[in-house]
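Undergrad: Read top to bottom, the protein sequences are chains A and B. Under my numbering, think of the first position of the first sequence as 33, with each following residue one higher. Under my numbering, think of the first position of the second sequence as 151, with each following residue one higher.
Derived from the structure by calculation, the hints contain no laboratory data. Keep in mind it's a predicted model, so treat the numbers as computed, not measured. Glycine included, C-beta positions come from ideal geometry on N, C-alpha and C. Some hints could be false.
Stated by the list, open to error - Some chain B residues near chain A, calculated using beta-carbon distances under 8 Å:
(1) Ala-171
(2) Leu-184
(3) Val-190
(4) Asn-217
(5) Met-309
(6) Asp-414
(7) Ser-430
(8) Phe-454
Stated by the list, open to error - Sample of chain A residues lacking proximity to chain B, with all beta carbon distances greater than 10 Å (derived):
(9) Lys-37
(10) Ala-83
(11) Leu-90
(12) Pro-98
(13) Val-217
(14) Glu-253
(15) Ala-261
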Amino acid sequence: MTAAKLVRGALFYLLVAVIVFISVFPFYYAIITSLKTGTALFGTDLWPKMASFTNYVLVFSSGSFPRNLLNSLFISATVVVLSLLLGITAAYALARVAFRGRKVILFAILSVSMFPQLAVLAGLFELIRATHLINTPFALIFSYMIFTLPFTVWVLTTFVRDLPIEIEEAAIVDGATPWNIIIKVFMPLMWPALVTTGLLAFIGAWNEFLFALTFTSNNDERTVPVAIALLGGASDFEIPWGQIMAASVIVTVPLVVLVLIFQRKIISGLTAGGVKG
Amino acid sequence: MAQAELATSVAIVPAPARRSALMRQRIRSAWLFLTPMLIVLVAVAGWPLLRTIYFGFTNTSLVDFDNHQWIGFANYLRVIKLPSGRTLYSGLLVDPLWWRSVGNTVRFSIISVFFETIFGLVVALVLNAEFKGRGIVRAAILVPWAIPTIVSAKMWSWMLNDQFGIINVVLLALGIIHEKVAWTASADTAMTAVLIVDIWKTTPFMTLLILAGLQMIPTDIYEAAKIDGVSPLKVFWKVTLPLVRPALMVAVIFRLLDALRIFDLIYVLTPNNAQTKSMSVFAKENLFDFDKFAYGSAASTLLFLILAFITILYLWLGRVNLEGGR
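This is chain A alone, in the form it adopts within the complex:
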């Protein structure tokens, strides 16, 4: 009986170990690769004999990677601010005011969140071309609204709906306008939801590839995912794997750290909004 229990416990922890190993190893290996140079790159050592930051120095000193990093940062931050601003006011209206057409709007928002990016790519290209926004960060900021906005509105609406109505009634009695109710009453209560949705919107914008690939065509205007995808060499043997891995680690570490810090909030946000992975 106890022996069987012991075996079962051991098997369980073996399974746990396998899960952790599979989840973490590829990223660990990317970090190790980024610290190797020269011929060491082509070995498969799991610990670098000589850790070197040459790849990181190269990534930052040559090419447009620093510029790409700034582009990504600027675009993602702006997308977060805009979608939260538009999202919070819309969420208040959708959650707290009973008006005709509310269901239709919620349905439309949900539908947009299911849109494949390809379905709007041709039309967006025409729009961005006509407004001369091609090769500017604004093309991406605008187009990213298609996936951050529906999600933000949806999750914030769910959140506002669950806030006690008495708080708002007290504010109305005091003569507060709806705008003041949002800013002074709801905003302070909504920090957890704003952090979660803001973070998820940031990750979405930071990782986006298709629009960034299509709407930018010179190296200086690209975002990091496109820059990493296009880092290449003349032949298979010249692909700068060390630098690709260094760039990958640079763009991923901040995300992993943020996700681990806010893991509880992110998990609740993901399951509440059912956002795409």
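Assemble chain B onto chain A, guided by the hints.
TA: Relative to chain A, chain B alone:
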């Protein structure tokens, strides 16, 4: 200003009318709050979608973008009767390359979602148990989810590299393969490579959705089953699985929708590989790489219709509560 307006209306108007004035004012400001969001949504989603559908019925090309004619359904299907009496068919609906990308996408979606569901269920069951180090495991499984798709594509293409990749080295050492495999380039293994990376990357998402469902199951059901001496396997089949099914269904359809529009991973991991080309990759290449903008728009429209159909299915099956939230 609006504050003053509200204050006066409260002061002057008698009770019932005052209430409706307040209501009217609230509705007015609700629309005011909604308008910017709605304008952005129409500009970024509604209008571009209509234009994409429109372009699908034209002969637009990138070279001469503004000069295009309406050509009806010719991008979809065109029947040409030759003088010799033979009939030729052309267009998307008879294009073997399009149907191949449809086949690739469907095959990819079914296999990846199948394995993600099974692995997601296993990991969720593990995380639902109480054990030491659970927090570490939960943190660890979030790592693949947090890594950008492009980065995971590059990471894995390095590990799957035919000459120097660690996977070939390990498999050779274990005697599982006898010569180095060009995982991402070879026609036989490209789809497997895409599947491995996608399953690795998205199982965490599946796990979290299923775990949320598992945690809603009241624990006294398990206690009752334990007292009655029901075997754990039977508890799983008779209690856990039926109760977690709604959450599972929503997760599966969500993932399916996502898998059917896959682009990034395939475009970066296995570029120019006919065995993995998805509908999205097909449409994107026609739009911008092959200078067949109108043809690509038609393909995008079909992709949209397929996904719209599944979305409707999802809304119906998931019984989404339109009051906000599920």
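Undergrad: Can you verify the interface hint for Asn-217 of chain B: is its Cβ closer than 8 Å to any Cβ in chain A?
TA: This interface hint is violated because 13 Å lies over the 8 Å limit.
Undergrad: Verify that the Cβ of Leu-90 of chain A lies farther than 10 Å from every Cβ atom of chain B, and report whether the claim holds or is violated.
TA: 16 Å, holds
Undergrad: Per the stated criterion, does the least C-beta distance between Glu-253 of chain A and chain B lie above 10 Å, as a non-interface residue requires?
TA: 16 Å, holds
Undergrad: Does the interface hint hold: is Ala-171 of chain B within less than 8 Å of chain A, judged Cβ to Cβ?
TA: With a minimum Cβ separation of about 12 Å from chain A (threshold 8 Å), the hint on Ala-171 of chain B is violated.
Undergrad: Ala-83 of chain A: least C-beta distance to chain B exceeds 10 Å?
TA: Correct as stated: the minimum Cβ-Cβ distance to chain B is 18 Å, above 10 Å.
Undergrad: Would the hint on Val-190 of chain B be counted as holding, given a Cβ-Cβ threshold of 8 Å to chain A?
TA: 5 Å, holds
Undergrad: Does the claim that Lys-37 of chain A lies outside the interface with chain B hold up, using a Cβ gap greater than 10 Å?
TA: Since the minimum Cβ distance to chain B is about 13 Å, Lys-37 of chain A lies beyond 10 Å and the statement holds.
Undergrad: Is the nearest Cβ of chain B still more than 10 Å from the Cβ of Ala-261 of chain A?
TA: The claim breaks: Ala-261 of chain A does not keep its Cβ more than 10 Å from every Cβ of chain B (closest is about 5 Å).
Undergrad: Does the nearest C-beta of chain A fall within a distance shorter than 8 Å of the C-beta of Ser-430 of chain B?
TA: Since chain A brings a Cβ to about 5 Å from Ser-430 of chain B, closer than 8 Å, the hint holds.
Undergrad: Just double-check Pro-98 of chain A for me: nearest Cβ-Cβ distance to chain B has to come out over 10 Å.
TA: 18 Å, holds
Undergrad: Hint Leu-184 of chain B vs chain A: min CB-CB distance below 8 Å?
TA: 5 Å, holds
Undergrad: Holds or violated: is the Cβ of Asp-414 of chain B closer than 8 Å to a Cβ in chain A?
TA: Holds, about 4 Å.
Hint violations for this structure: numbers 1, 4 and 15, all remaining hints satisfied.
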